[in-house]
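Number of protein chains: 2
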Amino acid sequence: MAQKPSIPKGTRDFSPLEVEKRTYIIEIIKQQFKLFGFQPIETPSFENSDTLMGKYGEEGDRLIFKILNSGDYLSKIDDALYTAKDSLKMTSKISEKALRYDLTVPFARYVVQHQNEIDFPFKRYQIQPVWRADRPQKGRFREFYQCDADVVGSNSLLQEVEFIQLYDRIFTQLGLDGVTIKMNNRKILSGIAEVIGASDKLIDFTVALDKLDKIGEAGVKKEMMEKGISETTIQKVQPLFNFEGTNDEKIAQLKKLLQDSEEGSAGVEELAYITSFIKTMPLTTATLTLDVTLARGLNYYTGAIFEVAAPDTVKMGSVGGGGRYDDLTGIFGLKNISGVGVSFGLDRIYLVLEELGLFPQTVTATSKALFINFGDKESLYALQTIERLRVEGITVELYPDSAKMKKQMGYADKRSIPFVILAGTKEIEGENFTVKNMQSGVQETLNFSELKAILTQ
Amino acid sequence: MAQKPSIPKGTRDFSPLEVEKRTYIIEIIKQQFKLFGFQPIETPSFENSDTLMGKYGEEGDRLIFKILNSGDYLSKIDDALYTAKDSLKMTSKISEKALRYDLTVPFARYVVQHQNEIDFPFKRYQIQPVWRADRPQKGRFREFYQCDADVVGSNSLLQEVEFIQLYDRIFTQLGLDGVTIKMNNRKILSGIAEVIGASDKLIDFTVALDKLDKIGEAGVKKEMMEKGISETTIQKVQPLFNFEGTNDEKIAQLKKLLQDSEEGSAGVEELAYITSFIKTMPLTTATLTLDVTLARGLNYYTGAIFEVAAPDTVKMGSVGGGGRYDDLTGIFGLKNISGVGVSFGLDRIYLVLEELGLFPQTVTATSKALFINFGDKESLYALQTIERLRVEGITVELYPDSAKMKKQMGYADKRSIPFVILAGTKEIEGENFTVKNMQSGVQETLNFSELKAILTQ
Numbered sequence: 000m001a002q003k004p005s006i007p008k009g010t011r012d013f014s015p016l017e018v019e020k021r022t023y024i025i026e027i028i029k030q031q032f033k034l035f036g037f038q039p040i041e042t043p044s045f046e047n048s049d050t051l052m053g054k055y056g057e058e059g060d061r062l063i064f065k066i067l068n069s070g071d072y073l074s075k076i077d078d079a080l081y082t083a084k085d086s087l088k089m090t091s092k093i094s095e096k097a098l099r100y101d102l103t104v105p106f107a108r109y110v111v112q113h114q115n116e117i118d119f120p121f122k123r124y125q126i127q128p129v130w131r132a133d134r135p136q137k138g139r140f141r142e143f144y145q146c147d148a149d150v151v152g153s154n155s156l157l158q159e160v161e162f163i164q165l166y167d168r169i170f171t172q173l174g175l176d177g178v179t180i181k182m183n184n185r186k187i188l189s190g191i192a193e194v195i196g197a198s199d200k201l202i203d204f205t206v207a208l209d210k211l212d213k214i215g216e217a218g219v220k221k222e223m224m225e226k227g228i229s230e231t232t233i234q235k236v237q238p239l240f241n242f243e244g245t246n247d248e249k250i251a252q253l254k255k256l257l258q259d260s261e262e263g264s265a266g267v268e269e270l271a272y273i274t275s276f277i278k279t280m281p282l283t284t285a286t287l288t289l290d291v292t293l294a295r296g297l298n299y300y301t302g303a304i305f306e307v308a309a310p311d312t313v314k315m316g317s318v319g320g321g322g323r324y325d326d327l328t329g330i331f332g333l334k335n336i337s338g339v340g341v342s343f344g345l346d347r348i349y350l351v352l353e354e355l356g357l358f359p360q361t362v363t364a365t366s367k368a369l370f371i372n373f374g375d376k377e378s379l380y381a382l383q384t385i386e387r388l389r390v391e392g393i394t395v396e397l398y399p400d401s402a403k404m405k406k407q408m409g410y411a412d413k414r415s416i417p418f419v420i421l422a423g424t425k426e427i428e429g430e431n432f433t434v435k436n437m438q439s440g441v442q443e444t445l446n447f448s449e450l451k452a453i454l455t456q
Numbered sequence: 000m001a002q003k004p005s006i007p008k009g010t011r012d013f014s015p016l017e018v019e020k021r022t023y024i025i026e027i028i029k030q031q032f033k034l035f036g037f038q039p040i041e042t043p044s045f046e047n048s049d050t051l052m053g054k055y056g057e058e059g060d061r062l063i064f065k066i067l068n069s070g071d072y073l074s075k076i077d078d079a080l081y082t083a084k085d086s087l088k089m090t091s092k093i094s095e096k097a098l099r100y101d102l103t104v105p106f107a108r109y110v111v112q113h114q115n116e117i118d119f120p121f122k123r124y125q126i127q128p129v130w131r132a133d134r135p136q137k138g139r140f141r142e143f144y145q146c147d148a149d150v151v152g153s154n155s156l157l158q159e160v161e162f163i164q165l166y167d168r169i170f171t172q173l174g175l176d177g178v179t180i181k182m183n184n185r186k187i188l189s190g191i192a193e194v195i196g197a198s199d200k201l202i203d204f205t206v207a208l209d210k211l212d213k214i215g216e217a218g219v220k221k222e223m224m225e226k227g228i229s230e231t232t233i234q235k236v237q238p239l240f241n242f243e244g245t246n247d248e249k250i251a252q253l254k255k256l257l258q259d260s261e262e263g264s265a266g267v268e269e270l271a272y273i274t275s276f277i278k279t280m281p282l283t284t285a286t287l288t289l290d291v292t293l294a295r296g297l298n299y300y301t302g303a304i305f306e307v308a309a310p311d312t313v314k315m316g317s318v319g320g321g322g323r324y325d326d327l328t329g330i331f332g333l334k335n336i337s338g339v340g341v342s343f344g345l346d347r348i349y350l351v352l353e354e355l356g357l358f359p360q361t362v363t364a365t366s367k368a369l370f371i372n373f374g375d376k377e378s379l380y381a382l383q384t385i386e387r388l389r390v391e392g393i394t395v396e397l398y399p400d401s402a403k404m405k406k407q408m409g410y411a412d413k414r415s416i417p418f419v420i421l422a423g424t425k426e427i428e429g430e431n432f433t434v435k436n437m438q439s440g441v442q443e444t445l446n447f448s449e450l451k452a453i454l455t456q
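Going line by line, the protein sequences match chains A and B. For the first sequence, position 153 (counting from the first letter as 1) is numbered 152 according to numbering that gives the first Met the number 0, and the numbering increases by one without interruption. For the second sequence, position 231 (counting from the first letter as 1) is numbered 230 according to numbering that gives the first Met the number 0, and the numbering increases by one without interruption.
Heads up, some of the hints might be wrong.
Identical chains blur together in the list; that is why a pair holds if it fits in one copy or across any two.
Straight line, CA to CA, 25 Å or less: simulated DSS-like cross-link-like pairs of lysine-lysine [as the list claims (entries may be wrong)]:
| hint | residue 1 | residue 2 |
| --- | --- | --- |
| 1 | LYS84 | LYS367 |
| 2 | LYS255 | LYS200 |
| 3 | LYS425 | LYS20 |
| 4 | LYS254 | LYS210 |
| 5 | LYS254 | LYS376 |
| 6 | LYS33 | LYS255 |
| 7 | LYS75 | LYS88 |
| 8 | LYS137 | LYS367 |
| 9 | LYS92 | LYS367 |
| 10 | LYS221 | LYS235 |
| 11 | LYS451 | LYS29 |
| 12 | LYS29 | LYS435 |
| 13 | LYS20 | LYS405 |
| 14 | LYS92 | LYS75 |
| 15 | LYS451 | LYS33 |
| 16 | LYS33 | LYS20 |
| 17 | LYS376 | LYS435 |
| 18 | LYS3 | LYS92 |
| 19 | LYS314 | LYS226 |
| 20 | LYS405 | LYS92 |
| 21 | LYS221 | LYS210 |
| 22 | LYS334 | LYS88 |
| 23 | LYS334 | LYS403 |
| 24 | LYS406 | LYS33 |
Calculated directly from the structure, the hints in this document are not laboratory data.
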């Protein structure tokens with residue numbers, strides 16, 4: 000019996016229309032990456048296991064897909080280890096390669112490996128799939144694309160300014176007006192923890208604060224107290240719970256709040272620098288907002304932290320994120336290379352554009368016209384015309400078999416091909432074409448240049 | 000100590016320029032696939048193992064990369080099996096997924112799985128990486144792209160005609176004039192074996208004949224005799240060893256040679272049909288040649304067989320191949336769906352274009368101009384100008400740090416950025432820009448529209 004075909008859970012087939020829509024998004028992202036001076040690189044789908052393992056924490060290690068060694072991989076395992084039958088210990092013996100888990104670690108590896116060929120600062124973008132053995136659920140897949148742009152080798156805050164502009168331009172180009180670019184700074188968070196005397200509880204404190212819009216002020220305070228942060232301490236940061244106003248007003252408040260923390264003040268300076276540039280060069284459709292509750296990626300970001308929220312009209316998590324990390328390549332032996340980067344969430348952007356009906360009508364996976372197949376002689380006339388149209392960049396097809404008219408028309412209809420061209424003996428003699436508009440049903444006889452004109456409309 | 004970074008053997012990092020060159024080729028292929036009415040699909044990088052295993056022969060099974068199950072994968076293995084320590088038997092117990100080996104089997108799986116959403120005939124293209132645990136060697140990699148276009152659900156030979164045109168158009172667009180599209184037909188080969196009474200030795204016979212251009216007439220005859228084909232038998236196909244002339248002349252010879260074989264005659268008819276169309280619609284730069292020694296993919300092709308040879312000026316194997324297979328989807332339970340398709344060899348095409356210097360100069364991974372960074376005030380002026388240029392589609396960068404002039408100029412030079420823009424206090428006052436042509440060394444002062452003009456040249 001034949002197999003019933005299926006695909007692994009958490010993976011997807013993409014139909015022609017889905018590929019076209021994804022390509023539409025990717026091309027806009029790519030085009031803007033390039034305009035901003037980022038250069039593409041690509042890395043292998045799988046890396047040596049020791050490149051990836053230990054870089055994403057214990058949970059990450061577990062979620063990395065491992066590739067089984069080829070050949071008689073069991074023969075090299077000594078009996079003691081084999082007898083233990085311990086999956087965890089066995090893995091490193093029977094698997095030396097693993098599918099990449101993100102684009103950041105492979106990028107760090109690339110930079111170190113090719114440091115002599117690279118001119119720093121190096122602005123690179125990378126758009127490739129990554130794989131995670133996560134439990135699949137709505138909107139979470141085991142294979143998905145990441146779209147990353149990073150700069151390594153420059154401490155300049157102008158990079159942050161340009162990344163904010165880049166977010167604005169990409170979402171504007173996608174027609175997704177009204178996104179909010181939230182910005183915070185790791186130094187602000189450290190500074191707050193410092194001035195309230197809770198530096199040792201930085202993570203607990205920020206994780207709780209991060210939930211403000213979900214569980215509210217009372218909820219956050221309750222969680223902080225549960226983590227052992229005293230009520231008096233929490234009192235000191237009361238302004239953070241009603242942190243409103245313009246970016247300038249927020250900066251003024253923070254300046255006061257953090258005046259006794261050197262690190263915190265440095266963070267405020269950074270925010271002030273970045274926002275002053277953006278004030279002079281206003282964003283097109285996005286809004287930049289300081290959000291001190293933002294604690295995304297706190298374990299590796301050391302400076303700016305970004306998160307982009309979709310317009311309020313759609314219920315969707317962040318559609319982008321990013322930040323600065325001071326020591327990207329240290330793990331591979333190249334010290335003191337600062338990096339800053341952003342990432343775009345392809346799958347979520349897709350869902351948002353779909354929900355808001357923002358994919359242009361021109362994004363289709365169909366041809367502009369179908370020639371009806373009346374037989375060999377007529378097909379030759381059709382193919383000759385098709386060749387001339389293709390040279391003009393017009394996508395036209397000939398129905399491959401001289402099937403019943405009804406079948407051929409039905410095919411055009413089902414595939415939403417807008418025009419059907421009938422060219423039989425009469426048309427061949429007259430060197431013209433009977434063209435049917437499939438939507439209006441109107442049929443007219445046209446010569447080649449009229450045909451070309453109607454198909455390029 | 001830090002790890003010395005490396006990548007698995009047989010895989011590659013692609014630098015910015017390499018990505019741009021690969022993208023250049025892929026975009027031309029894609030554009031023509033679309034113009035010819037093919038629609039894109041994408042399938043997951045890994046499939047369920049039973050989708051792939053057993054489809055490529057024993058050797059193929061061995062070369063498929065298997066993915067280790069997650070979690071405590073050893074716990075489910077019964078003791079008897081475990082004690083045997085047999086890698087081959089163990090594999091199916093600890094691995095349920097595998098990286099795709101080609102695009103054809105996943106496509107067949109896709110067609111069957113989505114048959115109710117597909118309007119047949121279905122013209123699809125697919126450009127994605129595949130993985131093979133082959134021994135890496137020059138030009139052979141463990142991860143590489145395939146670029147396939149196939150039609151399923153039509154027996155019409157007009158598909159073959161269009162594929163020949165497609166080959167011609169793509170190689171013409173790539174500037175690779177003078178490729179030879181070799182065409183044969185499985186029915187011709189069967190017919191020959193039939194008329195010489197060696198049907199049972201079809202594979203041996205064709206495998207030997209396929210080597211004609213490598214080992215010559217004597218060599219082929221020797222190999223045939225070693226395989227037990229008699230000298231008298233070989234005598235009967237003497238014309239094949241000096242098979243020359245126009246396609247029409249070759250067809251006339253074949254017609255005579257195969258007159259007593261029904262299958263062979265059908266093959267001749269097919270060749271005659273296809274070549275008659277191509278004669279009426281001449282190819283642009285490619286040449287179509289009948290080549291009865293061509294036996295590529297004989298184990299699955301059932302009709303036309305194609306192979307594209309690079310121009311004689313470069314030493315390179317085939318840069319494309321394809322053919323018709325009568326029962327693509329049968330393995331997954333959908334019978335009688337004929338398919339015909341072609342494939343483009345990205346890596347080899349890349350090498351040929353490189354060798355012949357055919358990549359256009361416009362294929363670069365650099366920016367059009369670099370603004371020198373003189374400090375914050377000047378950077379603002381630069382960024383405002385850069386924003387206006389980017390809107391016009393011009394790639395311009397600001398050097399991120401106000402480093403020494405020599406360092407900034409050196410960066411532009413190393414990255415082959417053609418123009419450097421100097422905008423200091425004087426330029427800001429005059430609302431203009433000092434622009435240095437990095438190649439000629441010429442420096443001039445331009446206003447914005449003059450700057451725009453020079454950067455769009």
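**OP:** Indicate which option fits the pair LYS254, LYS210 if close means a Cα-Cα distance not exceeding 25 Å: within, between, both or neither.
**Re:** For LYS254 and LYS210, only the intra-copy Cα distance (23 Å) is at most 25 Å; the inter-copy one is 80 Å.
Original post:
What label fits LYS33 with LYS255 when the C-alpha limit is 25 Å: within, between, both, or neither?
Top reply: neither (40 Å within a copy, 60 Å between copies)
**OP:** If the cutoff is 25 Å on CA atoms, where do LYS425 and LYS20 land: within, between, both or neither? Let me know, please.
**Re:** Intra 40 Å, inter 48 Å, cutoff 25 Å: neither.
**OP:** Could you place LYS137 and LYS367 in one of the four classes (within, between, both, neither) given a Cα distance threshold of 25 Å?
**Re:** Cα proximity of LYS137 and LYS367: none, with 35 Å in one copy and 43 Å across.
Original post:
Is it within a copy, between copies, both, or neither that the alpha carbon of LYS254 lies no farther than 25 Å from that of LYS376?
Top reply: Between copies only: 24 Å across, 82 Å inside.
**OP:** Tell me, please, which holds for LYS255 and LYS200 at an alpha-carbon limit of 25 Å: within, between, both or neither?
**Re:** Cα proximity of LYS255 and LYS200: one copy only (22 Å, versus 91 Å across).
Subject >> Same-copy or cross-copy closeness of LYS334 to LYS403 [CA-CA at most 25 Å] >> reply: between (71 Å within a copy, 22 Å between copies)
Subject >> Alpha-carbon proximity context of LYS376 and LYS435, limit 25 Å >> reply: within (21 Å within a copy, 62 Å between copies)
**OP:** State whether the alpha carbon distance between LYS334 and LYS88 is at most 25 Å within one copy, between copies, both, or neither.
**Re:** Neither. Shortest intra-copy (31 Å) and inter-copy (46 Å) distances fail the 25 Å Cα cut-off.
Original post:
Within a copy, between copies, both or neither: where do LYS451 and LYS29 come within 25 Å Cα-Cα?
Top reply: between (31 Å within a copy, 22 Å between copies)
Original post:
Is it within a copy, between copies, both, or neither that the alpha carbon of LYS75 lies no farther than 25 Å from that of LYS88?
Top reply: both (14 Å within a copy, 16 Å between copies)
Original post:
Between the shortest in-copy and the shortest cross-copy C-alpha distance, which are at most 25 Å for LYS405 and LYS92: within, between, both, or neither?
Top reply: Intra 62 Å, inter 51 Å, cutoff 25 Å: neither.
Of the numbered hints listed earlier, those contradicted by the structure are 1, 3, 6, 8, 9, 12, 13, 19, 20 and 22.
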